[in-house]
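K.L.:
Sequences are here, hints too, so could you generate the full structure?
There are 2 protein chains.
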Amino acid sequence: MNQIKTILLAGIFFVGLTSTGLAQDSAAEARVLIEKAQASTLGWDLVESLTTEIGPRLAGSDAEERARDWAVARLTDLGFANVHVEPFEMEGWQRGSIALHVGDPYPQRLVATALGGSIGTPVGGITASVVRFATLQDLRDAPLGSLKGKIAFVDGVMTRTQRGSGYGTAVQKRGAGASIAAQRGAMAIVIRSAGTDYHRNAHTGGLRYDDAQPRIPAAALSNNDADQLGRLLKLNAEIELTLSMSSKRIGKVNSGNVIGDIVGSEYPDEIVLLGAHLDSWDEGTGAIDDGTGVAIVTAAAKLVSMHATPKRTIRVVLFGAEEPGLIGARAYLKANSDDMDKIIMVSESDFGTGRIWRMDTGIARADEAKADAILQVLRPLGVLPGGRTASGGSDVSVLSGAGAPAISLGQNGWEYFDLHHTPDDTLDKVDPAALAQNVAVYAAFALMVANAEGGFHAPEKQETAGQ
Amino acid sequence: MNQIKTILLAGIFFVGLTSTGLAQDSAAEARVLIEKAQASTLGWDLVESLTTEIGPRLAGSDAEERARDWAVARLTDLGFANVHVEPFEMEGWQRGSIALHVGDPYPQRLVATALGGSIGTPVGGITASVVRFATLQDLRDAPLGSLKGKIAFVDGVMTRTQRGSGYGTAVQKRGAGASIAAQRGAMAIVIRSAGTDYHRNAHTGGLRYDDAQPRIPAAALSNNDADQLGRLLKLNAEIELTLSMSSKRIGKVNSGNVIGDIVGSEYPDEIVLLGAHLDSWDEGTGAIDDGTGVAIVTAAAKLVSMHATPKRTIRVVLFGAEEPGLIGARAYLKANSDDMDKIIMVSESDFGTGRIWRMDTGIARADEAKADAILQVLRPLGVLPGGRTASGGSDVSVLSGAGAPAISLGQNGWEYFDLHHTPDDTLDKVDPAALAQNVAVYAAFALMVANAEGGFHAPEKQETAGQ
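Chains as they are written, first to last, in my numbering: chain A, 14 to 480; chain B, 14 to 480.
Be aware that a few hints might be false.
[What the hints assert, rightly or not] To give an idea of the interface, some chain A residues facing chain B are shown, with a C-beta separation under 10 Å as derived from the structure: (1) V96; (2) R221; (3) R244; (4) D437.
Worth flagging that the hints you see were computed from the coordinates, not collected in a lab. Note that the Cβ used here is the ideal one computed from N, Cα and C, for glycine as well.
P.N.:
Structure, rendered in structure tokens:
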């Protein structure tokens, strides 16, 4: 029955070919690629190698530098052209140690992790009573000065969703909470982790200090420990916390993006840019964030070069320093601003190992038929039509924001935020079959985009905005 | 349909009553108790209170002392008689800190936890190359002196089973591995955790040093990290580990057992002993090990006193210092050796929150018919017949080993070793409905044992062995 369906789909697709600008041979090549990719272990081999040999890869660290060396060696070995590092500087940060204790009458340790970029506490820590806020808005509503001498605790359980959309709300307290609390006089802030698991791993992640406010130490509690603190505060609103953190910002350090090309046969200057990021938070080994992305786009481009003939160049960009705030992406834009008009597509894999199930487009309306034709080839892999807005992904949103056409290949994110930014982000969480599905989708997608007649163009709204 | 079944079962049961020595009114009372217990939140309230207000309760620590105070207050409030602490001394231990790092060319941190009772390393740690053994037997087979200047790594994945039987094999490397490695010259030992999860929590637990061997530091790697170390050793057998631990043994400290009775109406000197343990490892909050046990037996006894009339005394014993090796149980036996013949049954809840699904008996053959009659009342709760050997549980195995009749109420242990002895042993893992099933089984069981005509006697084999 599957065979009959495939034939029917192929027939439907065939009808649309000449009118959509997707060459018939490209679709046929894409189908071969899908078979080859699903049988390939290259994606697994890459993520295993990166997470084992390098492990955690904090932005700006020696480990991230070793990851760049690893990436240059792997891309070179795989036959990519133009393999090089584009270096940039960034402000470095070290995690140090953390200890968080509840005082009498319920003395006990809580599990917490420093937020990326946070300053530390004085030696000996900060001891203060705690004011709980159910939401970040409740903290915003607190009067200025009302938290003087206190530690703010911002609670609020993250919602689990297929697309990970609960993160958008949950992450705000992580990014902005410290400065909002500081403005109200707080000495420190602890938040409930932006994460959906109950495995007593706190979820780290970057914060942004507002330069107009004092910088205060900021940490995330595991979900379990946020529950515990909530219960303890109900028993006794006067309990104190002692927070000791030796985190520090260490001034300028080096990072970089690693780039490699599969050169196009007809339009080598036109670029299909596949992104992922090399850096990771330092608590896990960066398997799903974003070792899998590195593996998926690298394996996909390599498989295209082995089994097909892309007319445009497929460029893999392994960004540095995504986690502290898309620093590598901004550096790429700056270093390549003259060539932005040569990018006909950006797409990034940075959402773990869940299967790709939808395709969202951020392209000109005139190019939608070509995207639909591509989708028809991807449909047997479970990919459904999405919406008509897309940034392409985390780092490459900087490029689509600057006018590059983008397609987002949306993964199942149901379990992603169980692991994201925790010690639990390790190789064992990667599903080899789901990884191969991702590689297959990206390979077929990259080939068909590279060979699409007339290429792709930015959506009208952005074109207007750019004028 | 359920009603009809219940009537049929009741009929079957009725026939056996006079011949088995289980009073008819006792079975009827037990059925009422089951209904009351399943509707009661007392078990949940107790485990929430213990794990929140006290949290981790390391044997011999101030926290364990606070747990004893908590237990005395709770048992008193609940109306238990004869509430008291039986104190004892034990050798104390402090966890301290731990850091485990892989050296060049793959520098990275691994997640590990000190084994309970382990000595620490010298300041600055131990740096040495690693020899991996797939099993403890392989370590035993290594020649004496062959590990001089090395760290031993004993691997071996624990098997997941319904009854937790994989633990019996896996735990041997934790208990005995250090001294076996030391005998072969090792400077330290790291083991794969005796646990079934992949949540990057190492599983702690007690070790036993052999007095004939040098004491060496011992730690457990999380399953994920054991995988990682195995992969790294395949890449490069020469890599070194640096292990720094500040654990120490701190000499004599105080612990104690907390005891409370529901006094029997006819035979107050005869005792049905329900056990659990108050202490826990210090990484989690001791919810499933053994906060649930404390809650289950306490709530069960209380519910019996509220809704029925036990003829014999139901004694709750909340043992101290189970984790370092049944120290509280041995102290109880020593303090109560003159009254051992008054114990007509021991049973302990120390296997988390899984539902009770089988009943194993360690009683005289002549008493089996009474046990069968009890089982008929428990069957609607999902309890099936087990085997004809039983220790009654962890601490009370010391008592059954000394001749007390025992019945083990076996819980579903499929997921227990995902959490056991890890930071993940927290309140959120307790299923309220499963907890209530446990309370209902223990309550009905305790009542029917307390009221069984002629009581229960030790199995023949042990009687023989005792002569």
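K.L.:
Grab the minimum C-beta distance from R244 (chain A) to chain B and call the hint holds if it beats 10 Å, violated otherwise.
P.N.:
With a minimum Cβ separation of about 5 Å from chain B (threshold 10 Å), the hint on R244 (chain A) holds.
K.L.:
Tell me if R221 (chain A) is really an interface residue toward chain B, meaning its C-beta lies closer than 10 Å to one of theirs.
P.N.:
Interface hint status for R221 (chain A): violated (27 Å vs cutoff 10 Å).
K.L.:
Is the hint on V96 (chain A) kept, meaning its closest Cβ partner in chain B is under 10 Å away?
P.N.:
violated, 21 Å
K.L.:
Can you verify the interface hint for D437 (chain A): is its Cβ closer than 10 Å to any Cβ in chain B?
P.N.:
holds, 5 Å
Hint violations for this structure: numbers 1 and 2, all remaining hints satisfied.
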